[in-house]
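Here's the letter readout for the chains.
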Amino acid sequence: MPDTSFFSRGAGLTVGEIAALTGVELGARTDPGIRLTGIGALDRAGRDDLSFFDNPRYATQLAETRAGCVIVGSKHLALVPEGLPHLVAANVSVAFAAVGRELYPAARAPAAVLPSVGISPRAEVDPTAEIEEGVTIEAFAVVGPGVRIGRGTIVSPGAVVASGCAIGRDCRIGAQVVLSNALLGNRVILHPGVKIGQDGFGYVPGRTGLDKVVQIGRVIIQDDVEVGANATIDRGAIRDTAIGEGTKIDNQAQIGHNVAVGRHSVIVAQVGISGSTSVGDGVMIGGQVGVTGHVSIGDGAQIAALSGVATDVPKGARWGGIPARPVREWLREVRFLTELAKKGRSPRNERDD
Amino acid sequence: MPDTSFFSRGAGLTVGEIAALTGVELGARTDPGIRLTGIGALDRAGRDDLSFFDNPRYATQLAETRAGCVIVGSKHLALVPEGLPHLVAANVSVAFAAVGRELYPAARAPAAVLPSVGISPRAEVDPTAEIEEGVTIEAFAVVGPGVRIGRGTIVSPGAVVASGCAIGRDCRIGAQVVLSNALLGNRVILHPGVKIGQDGFGYVPGRTGLDKVVQIGRVIIQDDVEVGANATIDRGAIRDTAIGEGTKIDNQAQIGHNVAVGRHSVIVAQVGISGSTSVGDGVMIGGQVGVTGHVSIGDGAQIAALSGVATDVPKGARWGGIPARPVREWLREVRFLTELAKKGRSPRNERDD
Amino acid sequence: MPDTSFFSRGAGLTVGEIAALTGVELGARTDPGIRLTGIGALDRAGRDDLSFFDNPRYATQLAETRAGCVIVGSKHLALVPEGLPHLVAANVSVAFAAVGRELYPAARAPAAVLPSVGISPRAEVDPTAEIEEGVTIEAFAVVGPGVRIGRGTIVSPGAVVASGCAIGRDCRIGAQVVLSNALLGNRVILHPGVKIGQDGFGYVPGRTGLDKVVQIGRVIIQDDVEVGANATIDRGAIRDTAIGEGTKIDNQAQIGHNVAVGRHSVIVAQVGISGSTSVGDGVMIGGQVGVTGHVSIGDGAQIAALSGVATDVPKGARWGGIPARPVREWLREVRFLTELAKKGRSPRNERDD
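Residue numbers (our numbering), protein chains in the order written: chain A, 30 to 382; chain B, 30 to 382; chain C, 30 to 382.
Looking at chain A on its own, in the form it has when it is part of the complex (with noise of 0.2 Å):
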């Protein structure tokens, strides 16, 4: 079995009760009464474990599996051994993180750091800041004047909320964050040492150096956006910075002054995105992906990792390469110019010709 130190498990679900849950068939010859009470990959569940199959590289793995029950796509039905009870899926990965959320309700967002509930008498808390009922306040975070908390929200060890900032309900504001200048819907996951609010990065030649544009925007977070560990989201210059509902943001990842995201999009770690550049909604950005600012990424995009976006990307376009451009033309080229130098072409052959 995993380990579960830090996840502990409940009563867990039968089989039939994870059918019904997540709209899945039962497998031929599957007892419905399997009580699992965990997951695990394939060659670490136990007997109390709930698997899943979606990949056939893996089919030695689900040939020796020990686990409780495997929940599989119905053309990878002939690789289930004799004996071994499963559910059949649609969607497997959609099934099974449903049932890993019902399983393990406590992974589904983080969790205070202390058992203590309310508002620590070590945390410095403004007077004049209004906080619901239900909301927790851990050890050493500040929160400033004028604050507003919404119940059900936990701001963790070390955060810092600045001057007339306000959280919804449900949020979690990890370790370490420093927020200012922001407003945040509910259910928004700020991870440890995100910054979001700090001056955007805007100067002017003057003098004897470089004059700061003053930033006065904000940053205006909604709902059930995520956003990872030691991410940084500048406020806007003269408009605000904005992240649409449900978009998912990982760690270290930098958003500038004036950008616009919107729903539902995914930004992966590292990605940078530079100022005034609006992202559409649906939008896929891979890892360490660089935006060039004032462009526009249309809706339902995706940039493959360390790509360069210098230009607006057209809605549900597939993007890659530095400049990125059309991800087939882009390999086009990888590939053409690996062929053309390794048949030794030279400049110098040509010459010969």
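For the record, the hints were derived by calculation from the structure and aren't laboratory data. Note that CB positions come from ideal geometry on N, CA and C, so glycine has one too. Incorrect hints may have been included.
Label-pair restraints from in silico Cβ distances [to be verified]:
no., chain 1, residue 1, chain 2, residue 2, range
1, A, Gly238, C, Lys372, 43 to 49 Å
2, C, Pro234, A, Gly45, 23 to 29 Å
3, A, Met313, B, Gly235, 39 to 45 Å
4, B, Pro144, C, Glu161, 39 to 45 Å
In silico DSSO-like pairs for lysine-lysine, Cα to Cα no more than 27 Å straight-line [to be verified]:
no., chain 1, residue 1, chain 2, residue 2
5, B, Lys371, A, Lys344
6, C, Lys372, B, Lys371
7, C, Lys371, A, Lys371
8, C, Lys371, B, Lys372
9, C, Lys372, A, Lys371
10, C, Lys371, B, Lys371
11, A, Lys372, B, Lys371
12, C, Lys344, A, Lys371
13, A, Lys371, B, Lys371
14, B, Lys344, C, Lys371
15, B, Lys372, A, Lys372
16, C, Lys372, B, Lys372
17, C, Lys371, A, Lys372
18, A, Lys371, B, Lys372
19, A, Lys372, C, Lys372
Here the structure of chain A is known, so what remains is to put chains B and C in place on it, guided by the hints.
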């Protein structure tokens, strides 16, 4: 009018005062007595706001703006609608920025999180630290033995200033900043989460693994330097790491040990500069650029975003690409490959010639 | 003499003691009784300092150095000026580093910020935590329920160690580090701002947006691992994220969920490794490299800075480029394209052939 919940408006300035302050010209039929209290983008500004126009792309917004006054360049005067009060500037953005700093003095530098001034009883300050009058040290900040801090400086919540560091006057040490082995000039701004002075990355092969190369140098940061959120600057190994006067460093940049950056340079977000490299004065390094160790970037050079600098860069050069080379060459190669691949001249085809 | 304000000198070592300690040879006409108390670069070292020479580029500095003694390689003996005391080493940097560690023992690992030892009355330590004797927990640090910490470990100001974590002996947990769902070995160094054990980045499409894939694994960090400032390591989803013994990770690196890194590997600043990838023993990954998920990098492989690894990398291979391929092929292609474009053989010209 743009939202001003975080930066309140004062008495403002008249258009005549703005003209005098910035040295711009009063436009035709523009009343110098108009009073403005804020700034805003063309599409959001109200009658109390100054706006600006310097990109013909936004001509429609100029035609429809409700701003009380607009700063424009002389070449765009023809686009100013009848009756719109305006000012005519040689450099629109410089003039607009100057007005912004005047109207929003609170936005010139980060403020303290809490309203109290002086040393918080909840800060931990070693008795041997020398703190000038007029220093603010907020709750949960830590100041170690022998630290010196000049007047007007704010040390924000959770910041840690370790043993022996010196901080000049009117500095802003953001929340969760950690500073060790460092000397700072005046008016230095360190945004939240900056980490300065930790060990550089140096190891040699040892008997059982990698052995540490001790890092006994310092970090020297001159006047008017600004460092963005979550950026990191390592201390020197047997030299110092140094950042010259007026240089601006964006979020999540990484500066390795022994690096020397000159004066008034600009280092954009997520740039990484490896150990012992030197960067001149007035250099511009675009976002996510990586610079290898032990090279030199000459004064006034500009490096395109996402480039990889692997060799010395001459003064005033504009370089780009991986590995970086003159921008013109790099772009020519990119275009050349694109066109070649488009022609479908695959090596196979060529063999058929 | 180099500035030593942050790392003070002790009684030092004689040249004879250094020769014995490091196994290097005493140079011709070099007095073994010369006493040295510090180390320095050739151009900065004084008569109390040991310096080193291993790059002919600095021959002028060697000729002019005021160092009390210099370590040189045997092949450079001819460059040593008459009368300069010297030591002759097979591996100059290894010997010099050994002396540095001996002369500056305080620089071997980060120190506590404040002079007091033991548990600060201003730290928040859950009564169920098991803290061995000789542990220092500084002001404003937070230690959650059930945490175990081994003797000799320092937990710096503002660090947060969440519920159930175990930390071995003689570790350094830097300021503002946040640790959850993690088990650490002995002598682990986490520099300021490191975030370990937060949720990995996993979602599945849901009815109204993206649903979380629960992350119930752990982070396992073995003995002698060092992690740079503001780096992030996510906990596993249904496996563990693991960093092997002696591996060194630089600032702002990002390690995704389920990643397994082997022993004695080196991961330079701003590298990103995506989920479920495995990295072998003795691997060298250059700065800003991105590694995609679910691939494997073999033992001893070396990846050039700024590369993008998209496929498995064989043991001992040297790869580079985006996508990464053998360095030799990559550089050949880069050069090939450069030369081709220089010849001005634009496709247009070719059509004229």
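Violating hint indices (sorted, rising): Per hint list: zero violations.
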